[in-house]
Amino acid sequence: MAKPIVLEFEGAQSSFDLAKLDRARLYGARKRIPLDQSGQTCIKASLTTDGLYLLQSGMTAQGYFDEDGRWLQRSQLSGLDVDGNVLELRPSTLGVCQTAVAVDPSELLRYTTDAIYLLEAIGVDGALDARLGAGEVFRFGFNYGSDFHLETAFLIKNADGYFCLVGTPMLPIWSEPGRVELAANPEETSDDLDFEMF
Amino acid sequence: MASTIRITNAAGRDGMVQVATPAREPEIVMGLPGYTVGFRRYLASTEGCRGESLGAKLGEDYSQQLIDGDPEVDLEHVGRTIGETNTVYLTAGGEFLHCPPSVVEVITLADGSEKERRAPVDLDANVDDEHPVRWTGRKFPIVDAVRRFVFRRSLQVMHVDGVTYDFLHAIATELAKDKSVMLVGGGAKGAEPLVFQANGRPCRGFLEGRVDGDRYQLMLHLSDMELKRPAPKEA
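The listed protein sequences correspond, in order, to chains A and B.
Under my numbering, the first sequence is numbered contiguously, ending at residue 198.
Under my numbering, the second sequence is numbered contiguously, ending at residue 1235.
Rather than coming from a laboratory, the hints here were simulated on the basis of the structure.
Certain hints may be false.
As the list claims (entries may be wrong) - Covered, in the sense of this in silico footprint (three residues per stretch, anywhere, with C-beta under 8 Å from a C-beta of chain A), are these stretches of chain B:
no.: 1; stretch: 1028–1034
no.: 2; stretch: 1038–1052
no.: 3; stretch: 1061–1075
no.: 4; stretch: 1083–1091
no.: 5; stretch: 1102–1109
no.: 6; stretch: 1137–1144
no.: 7; stretch: 1220–1228
From a predicted model like this one, the values you see are computed outputs, not experimental measurements.
Ideal placement from N, C-alpha and C gives every residue a C-beta, glycine not left out.
Next up, chain A with everything else stripped away, as it sits in the complex (with noise of 0.2 Å):
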């Protein structure tokens, strides 16, 4: 099991044991399945375009290379920002404190959230949670894993129990009068999955 996300607030710390939620957990879900002739279950695979390879699970891999070809290992490389500085590896934040601030709720409007974790409360301090209940935001550092930048969680909770959301920030421009901006063409969205929220 993970370690605890554990958070500091005023002076005091709170501690909750976290697991990943998603959609399939809540609803369910639907998945297309292809068929073959006897209504067995047909095999995915890939057929390269010139039409040399039929690739089958398990029949590539993936990889860094440098300039003469060469295979590197994860190892030797480091994590690079836009130009091109190394940046520090940092560890993960589970279990180490981390200090979480009152932010005002309609921060969370400026993220997508990539992950949800419902999490159980270990000890939670009287004041933080009389704050979360008022309906409160609480945003903190967090990071899973080791990685080399470190993501933004929100600490909320609800009449269904305390919930972390991290999230990656998105930058809005700002429209005026007079000046059109010209959208690039949104990323496509899967397509799965009944809904049934209402």
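With the hints as your guide, set chain B onto chain A.
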């Protein structure tokens, strides 16, 4: 997905506007400082070198032969870069299909158990430049919305001319003033979840507005999930 949509305001007036995915911070790349490093997919094994093929060719116990002769490595092919591919389906026996496969839709419950198998049900898109995204009049305070729904995707709604600038700025102003998000929907009455492409994932849409003088940001936040606890598993 269309980058142009039609949207209505509180009065039921509609206008054609554009949507775009907001930029994100640049991703961290893996590399060596000062060197060009590429990431690619390559052939790791050929059909004849897979476990099943080796078992059929060399017998069940071929571990020593792997050590002695490396029959699992085809030096002629392994390591070649794999570029674009097309998805193909094979029969359960590994043969090419000579007709399109039939497709069955499997519905599973939240506990992972199978609920039913049925013929696929196609879902039409209901967001495009013909069918408007409708203002429902149902507002949620932001403080409640962020604790009730998971927003995994957001689009920025932007004007395309002076008329739609006024139209969207007014919507953003109203929502910003109320510190609320507005539920928007598809279909004739706006009651349906938004489906941006055929058989795409239905999502509830929520408009959020921010205003800074004559500038505005109008976001369409999409949610396909509530923040709630899964039902307990039955013993």
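> With a cut-off of 8 Å between beta carbons, are at least three residues of the stretch 1038–1052 of chain B near chain A?
Replying inline: holds (count 11)
> Do three or more residues from the stretch 1137–1144 of chain B put their C-beta atoms closer than 8 Å to C-beta atoms of chain A?
Replying inline: Holds, because 3 residues of the stretch 1137–1144 of chain B bring their Cβ atoms closer than 8 Å to Cβ atoms of chain A.
>> So is the stretch 1061–1075 of chain B in contact with chain A by the C-beta rule, three or more residues under 8 Å, or is the coverage claim wrong?
In response: With 0 residues close enough to chain A, the hint is violated.
> Per the coverage rule (Cβ-Cβ under 8 Å, at least three residues), is the stretch 1083–1091 of chain B covered by chain A?
Replying inline: Contact hint for the stretch 1083–1091 of chain B vs chain A: holds, 9 residues under 8 Å.
> Do three or more residues from the stretch 1028–1034 of chain B put their C-beta atoms closer than 8 Å to C-beta atoms of chain A?
Replying inline: Satisfied; 7 residues make the cut.
> Okay, the stretch 1102–1109 of chain B and chain A, do three or more residues pass the C-beta test at under 8 Å?
Replying inline: It holds, with 8 qualifying residues against the three required.
> Three or more residues of the stretch 1220–1228 of chain B near chain A by CB distance under 8 Å?
Replying inline: holds (count 7)
Checked against the numbered hints given earlier, this structure breaks only hint 3.
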